[in-house]
Amino acid sequence: MSWISKTFSSSIGRKIVMSLTGLFLCTFLVVHLVGNLQLFKHDGGTAFNVYSHFMGTNPIIRTIEWGLVLGFGFHIYEALMLTRRNQGARPQKYVANHSEQNSEWTSRNMGILGSLILIFLIVHLYNFFWRARFGGLDKIGGTDVETRDYDNLYMAVVSSFHVWWYVLLYVAAQFSLGYHLWHGFGSGFQTLGLNHRKYTPLIKAVGYGFAVVVSAAFAAMPLYFFLFTDDNGQLTSAVSPLVHSLTLALK
Amino acid sequence: MAGSNPNAKPMNLTLNVWRQPSPKAQGKIVEYQVKDISPEMSFLEMLDVLNEDLLHKGEDPVAFDHDCREGICGSCDLFINGRSHGPEKGTTTCQLHMRKFSDGDTITIEPWRANSFPINKDLSVDRSAFDRIIQAGGYVSVNTGGAPDGNEIPIPKDIADRAFEAATCIGCGACVAACKNASAMLFVSAKVSQLALLPQGDVERKTRVENMVAQMDIEGFGACSNIGSCAAECPVGISLENIAILNREFLTAKATSNNLA
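In order, the protein sequence lines correspond to chains P and V.
Residues in the first sequence are numbered from 27 upward in steps of one, following this note's numbering.
Residues in the second sequence are numbered from 5 upward in steps of one, following this note's numbering.
Calculated directly from the structure, the hints in this document are not laboratory data.
Keep in mind that this is a model prediction, so the values were computed, not measured.
Don't be surprised by glycine CBs; every beta carbon is placed ideally from N, CA and C.
Check each hint, because a few of them may be wrong.
[Claimed, not checked] Below, in silico cross-link-like pairs of lysine-lysine (DSS-like), each with a Cα-Cα straight-line distance of 27 angstroms or less: (1) 165/P <-> 67/P; (2) 32/V <-> 125/V; (3) 13/V <-> 104/V; (4) 93/V <-> 61/V; (5) 104/V <-> 119/P; (6) 93/V <-> 230/P; (7) 161/V <-> 224/P; (8) 119/P <-> 32/V; (9) 184/V <-> 32/P; (10) 119/P <-> 28/V; (11) 184/V <-> 119/P; (12) 61/V <-> 119/P.
[Stated by the list, open to error] Stretch by stretch, here's where chain V covers chain P in the computed footprint (C-beta under 8 angstroms, at least three residues): (13) 33 to 40; (14) 118 to 131; (15) 205 to 218.
Chain P with its partners taken away, still in its complex shape (with noise of 0.2 angstroms):
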């Protein structure tokens, strides 16, 4: 099996695969954010906690964590495999070096901008992933037999989006995301060969919309619960009037 191992520790081989794991990614990034714009129903967090529930109990959801793993595992190893390569390709750097008259400054750091992003998801993954999982979350309690010993997320949201340096983290590791989906998005297809004078306008628009739109969307999250709800993840009396006429307006 020689030529298999030959075409993925070839340059181009590695670049493939940082691509079809990197666009994968970005399908999870779409799951993520649908499933989680359950915050903003003002329903005290039951929606939120059912769909959390059935995240982490539902067998087919739970193997497609796997495959979610490996494809975080093999976009770092291969980042990191790359970066060794292409940092020995130059052992001695420029005197001067104009790289930004000829580059955006996204797709040369596309390496910090994922490191960044991996240190946010090591302290995300811990405070909501490892506890739902591992134990460690109140439960909703209440009357309804079915979803009164769920774990309830949503108060663990709640809180953690009432400390000022956890937003801060959260949106910093945001504007890191959507930089890097600035670049990654397009480039995936690239890599992939996916070039053509008629499509690639389209796809780089498409990337460009991707990552605005997502890191938006997922730093409005915390600023939302920061900004506007108190302790319970209700609204403040200040914007409820406001929230209740769009409510109103959108039915």
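Dock chain V against the given chain P, drawing on the hints supplied.
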């Protein structure tokens, strides 16, 4: 003395030049002053003036690569003020003219920096890594005859044009020099796409891309991060589309060739 343009005023410049006596020696930036440089000189002619001065003073002239001085041979290779071939887009160093600079400017001149392009002396680098990549597969083995024989094979105009665009690569190495990763993929992709597009190159297209990419990796060039600085600095405008074609060719070859090694 300002050449034929009466409005062109001669310039005095400060040059920060990389001096390195031999491949293994420690190099450093040395400052030189050049006077009465005509704006109509090419950058290399300005360096000729510097070398004349140095010779008159009994000092070692600055070594730099050059040949045709017409922008077609790909020999000249200077990293000028932090850019491959200097500040002007779509230009080789020999076609960069001093009118792009102003009197009193300080210009930093360095060699291409890549592990795969070892420095011979001063600003001159050894780009034989490119030759070895071409030797690995950048050719067609069949005898295609003379021009009349070549024209016997009908090739659609748009295909011929695209192959020609890729074929304009002069192998100067500006792409490697500009790339953050010192990647040679724009250079390799230009040859791979040129030959993959043409019927003459079709016969060996799988072994070609496999062997050329393998040699590129052996030479120690970095991997492509799709940053685009290579295409932005390419004096002949080789586009990133070629790298996508290279990736496609590589994937297809690896998946379908009979090569198990």
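> Count the residues of the segment 205 to 218 of chain P with a beta-carbon closer than 8 angstroms to any beta-carbon of chain V: does the count reach three?
Replying inline: Holds, because 6 residues of the segment 205 to 218 of chain P bring their Cβ atoms closer than 8 angstroms to Cβ atoms of chain V.
> Checking C-beta pairs, does the segment 33 to 40 of chain P have three or more residues closer than 8 angstroms to chain V?
Replying inline: holds (count 6)
> Straight-line Cα separation of residue 184/V and residue 119/P no greater than 27 angstroms?
Replying inline: holds (10 angstroms)
> CA of residue 32/V to CA of residue 125/V, is that 27 angstroms or under?
Replying inline: holds (12 angstroms)
> CA of residue 184/V to CA of residue 32/P, is that 27 angstroms or under?
Replying inline: Since the Cα atoms of residue 184/V and residue 32/P sit roughly 25 angstroms apart, the hinted pair holds (cutoff 27 angstroms).
> Going straight from one Cα to the other, do residue 93/V and residue 61/V come out at no more than 27 angstroms?
Replying inline: It is violated: about 35 angstroms lies between the C-alpha atoms, which goes past 27 angstroms.
> Is it true that the CA of residue 119/P sits at most 27 angstroms from the CA of residue 32/V?
Replying inline: Holds, because 12 angstroms separates the two Cα atoms, which is no more than 27 angstroms.
>> Against the 27 angstroms threshold, does the CA-CA distance of residue 104/V and residue 119/P hold or violate the hint?
In response: holds (25 angstroms)
>> Checking one constraint from the list: CA of residue 13/V to CA of residue 104/V, max 27 angstroms. Satisfied?
In response: Holds, at roughly 13 angstroms.
> Is residue 61/V close enough to residue 119/P, meaning Cα to Cα at most 27 angstroms?
Replying inline: Violated. Residue 61/V to residue 119/P sits at ~31 angstroms, over the 27 angstroms cutoff.
>> Under 8 angstroms between beta-carbons, do enough residues of the segment 118 to 131 of chain P, three at least, approach chain V for the coverage claim to hold?
In response: holds (count 12)
>> Hint check: residue 161/V vs residue 224/P, CA-CA at most 27 angstroms. Holds or violated?
In response: It holds: about 19 angstroms lies between the C-alpha atoms, which stays within 27 angstroms.
Hints 4 and 12 from the list above are not met by this structure, while the remaining hints are.
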